[in-house]
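Undergrad: Assembling the complex is the task here: the two chains are given apart, and the hints tell you how they should meet.
Residue numbers (my numbering), protein chains in the order written: chain A, 1 to 211; chain B, 212 to 522.
Keep in mind that the hints were calculated from the coordinates and are not lab data.
All C-beta atoms, glycine included, are put in the ideal place defined by N, C-alpha and C.
A few of these clues could be false.
Unchecked claim - Computed far set for chain B versus chain A, every beta-carbon distance over 10 angstroms:
(1) 308
(2) 333
(3) 401
(4) 464
To be verified - One-sided excerpt, in silico: chain B residues whose CB lies under 10 angstroms from chain A:
(5) 214
(6) 220
(7) 227
(8) 314
(9) 327
(10) 363
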Amino acid sequence: MDPQEQDDGTPTNGATRRIDMDAIFAQRHREPRAPKLAVIWPWQSPFVYTRCMESMLHLQHPAGYETDVFRGSGWSPALRHLHGCEQAYSWGADYFVILGADQLYEPDLLCRLVARLESGFEAVACMLPTRGFLAWNHGMKPFGKVAWRFKASSEGMQALARQYHGQAVDPDMLEIIDPADGDMQRCHFVGSGVLVFRREHLEAIKKPWFY
Amino acid sequence: MDTRFSWRLQWEAGATLWVDTSITVKHLHIFAIDDTFSERFADWAVPHPGVDLDICQYLPTAMPHSTVADEAPQPAPHATLPSSFFERYRAEYATMPYSEHQKVYAIIERYYPGQCHYDAKAIVVFLDGLCAAGVVPAVLELGGWKGELAKEMLARFPDIIVWHNIEICQEAVAKSVCADTRYHPKTLPDFFWRYRPLPGPVNTLVLSHVVEHMRAEDFSRVLAHVATLGIQHIYLDIPHITETSEKAWQGWTNTHVLEVGWKRLEEILTAYGYSPVSSDGAQRTYASAQGVATLAEERCHAVCEVVDATV
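This is chain B alone, in the form it adopts within the complex (with noise of 0.2 angstroms):
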């Protein structure tokens, strides 16, 4: 209301607004808020040392019942976690090492045990696609949680012949969902793109709805890694973004941090060689230049094969 009108002084009176920053004004509540209070905090982001960093342990709906928790407290049934912990994240995402990003990992893990984030008919067109085209996937999944989409592709696809899951949660690596033999879910000890060797030879990269979860940077960190691996074919499903989306996230209860859109992608995509193969929304797929080879001739058998039942 009175920021609106602060506003108004100057696009509708014309006015030039200034903050005389020399006069000191003290803020009544219990007690008076002056200027040093702000100081007396300003290490109020930095821990004691030596102190559990699990940022949301004192939370109150962390311990619904006691205030006093000998292990790490379980939420409430429902309970969520404050927009405020997401904020954090996302202004302290690109300084944190990796084993804090491992530790909200392990929070969120706490209230929201359940991710099952991918959409099992684009994924089974694409894995259709392959097969077709005689690929044998071997796949590379990043971010694949407890398995769940693992679990269900091994089912329905045979001719998998691996499933990776590199997931940073080591909690949900702990309790998969996945018994196929097919499945090696792993936590690595630092960032994907830092660590080697890395789990090969795979041909297929799946980031289902993880790829929101990084910024731009690390998505070009990611494929530069990859590259190196021989990915040929890449699934990607990104919900929230657009062509040219530039998000800051605020107030979603969720770790995406991805500031870009498609567009940005793509050409970070294509700068490693990836070519767009099919799109539909949120669910594109894309090829390095000897899988768009691989589709290709597929296709053209399956013109020729065509042809020849008609002839």
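Okay, chain A solo, but in the shape it has when bound (with noise of 0.2 angstroms):
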């Protein structure tokens, strides 16, 4: 899918500000220094996934970037988002990209997801398998993937329609996104088991980030 075609209706709360990302690659790339890419892996334990560990020391650096890991620590998962995150912030990252610390990656993981940014995606995520079933995500199956977008509806989505109360209240307005529709595809709630995104995203956002 196109990247730059017309958004398909996500709400607006009228003082967001679009941010054009085009512009601000752009601007980035004219600069003397390379582009600085951040590895956010949120962990407490001492003892890691040995397997998780080999698979993110194979990872590919882009080339072009300046990629560096940061590993966010802290008692609760929102913490060590937060911890990661403001790490990368304040090496001067402009591009963020969490990764989950027990699961397995594609060497190219890195490459891949800059290359989707560079071609006009403003954050992307990948869909992984969860571990087990989870009873009140409807239409999950057991060790499914799971990303979910709001069902399509007359004035664009069902959000639109019908005020949101999350996924206990209305199951029936969502729909888990099929890997089987396409590569690139639109969505609105995702885990950040891998998720990138990029500096102006959190310098809009109101802290906490995570909570």
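TA: So, in structure tokens, the structure goes:
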């Protein structure tokens, strides 16, 4: 799908500013320094999944980018995400990639994500298999991949026709994204197992970024 | 936390969020979970041919003392069914054959044997009104469980000539608590709206805490069916819905599936010729044109008697 195509109806809250990512991207690449790509892995325990570490060590760093890795620690998942992002932000990261510390990655993951950013996709996530079965996720198979979007409606999407109160109350408004529908698909809710976004996004989000 | 962040990326930062489904990621557990796992369990909801379809037979709560049971296991005291049981029921409600619905209620009867969901005060007012209007109630109750309501009302109203209870749960019918000779519990071999002949003659339909266990389409089928029986008076007691509610009931540990509110139900009632007579929150009564005329005539007599007495 063409990332530049007309938005399909994502609600805006009026005050939301549209960030001209193309202009920012062009400016960034005119600067003498290479853009900075921060890889954040939230993890508190002193013990890690060995296979995950091997996988992360084999990740190829995208050419033309300065890449560094930050571990987010803290007593809660939100705090670990916050800590990792704050370190990366202080380092001056232009792009933030959050990678779960209990996953296995293809070596070219970072390069492919960056390629997506360069082709105009603003924020990109991946769908990964769930560990088990979450009964409250409608339509989900055991070990199924999960990412959700609002179902389409005559007004653009369900959220415009009706107030969404969360999955527990309005599960009928969401649908799980089917990978068979295409390589790049619009998404409204996804976890942070693999999630890449830009510095300007963090700056636009009121703190705390994660809670 | 993280899904909220993904929404804030869009809502607060104005980003468009995408998923790249071409990238493969494995999730680590003791083993690495890859894309094939969900397909390995593609038939997880399909029982093995010939297996006992009691979906709760393997629940730990169903077998507190043993992992081997010769008979249908009895739940431990205070054991409850998990919400997943009811979520699955809701998900499969429309496609389950009648026999499967019966099995679900058989399980429910084991875990929740006592079901006294009725407002005795409200239904006494309803039946009092009928008797005062000269109606001799011949009652058809759907989903009357073990006859708790019938027992109480038959003891109170000698004018009731018959009380049929059509109950989907065979076990509940077998454990009837009402010994009144006017009480006739029965389990049908198919959905009520598909079954003939129906008990008759009856003139009063009682649905207490029943309609929320059926979809609006089925409620419509019930009315289409009872309209042929000459039902003149209908008593409804439907909890937890509002005029316009559109509940999904997710997380509710019961078999509620009704997806519409009172407004839509009254449209259905109107379509089958039933008008509202009284409304008191969850308890509402309706009558056919003939029923309304009967009640109005009684009111007229009552007013005349008052006037005569005054004069």
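Undergrad: Which hints from the list above does the structure break, by number from lowest to highest?
TA: Of the numbered hints, 8, 9, 10 do not hold.
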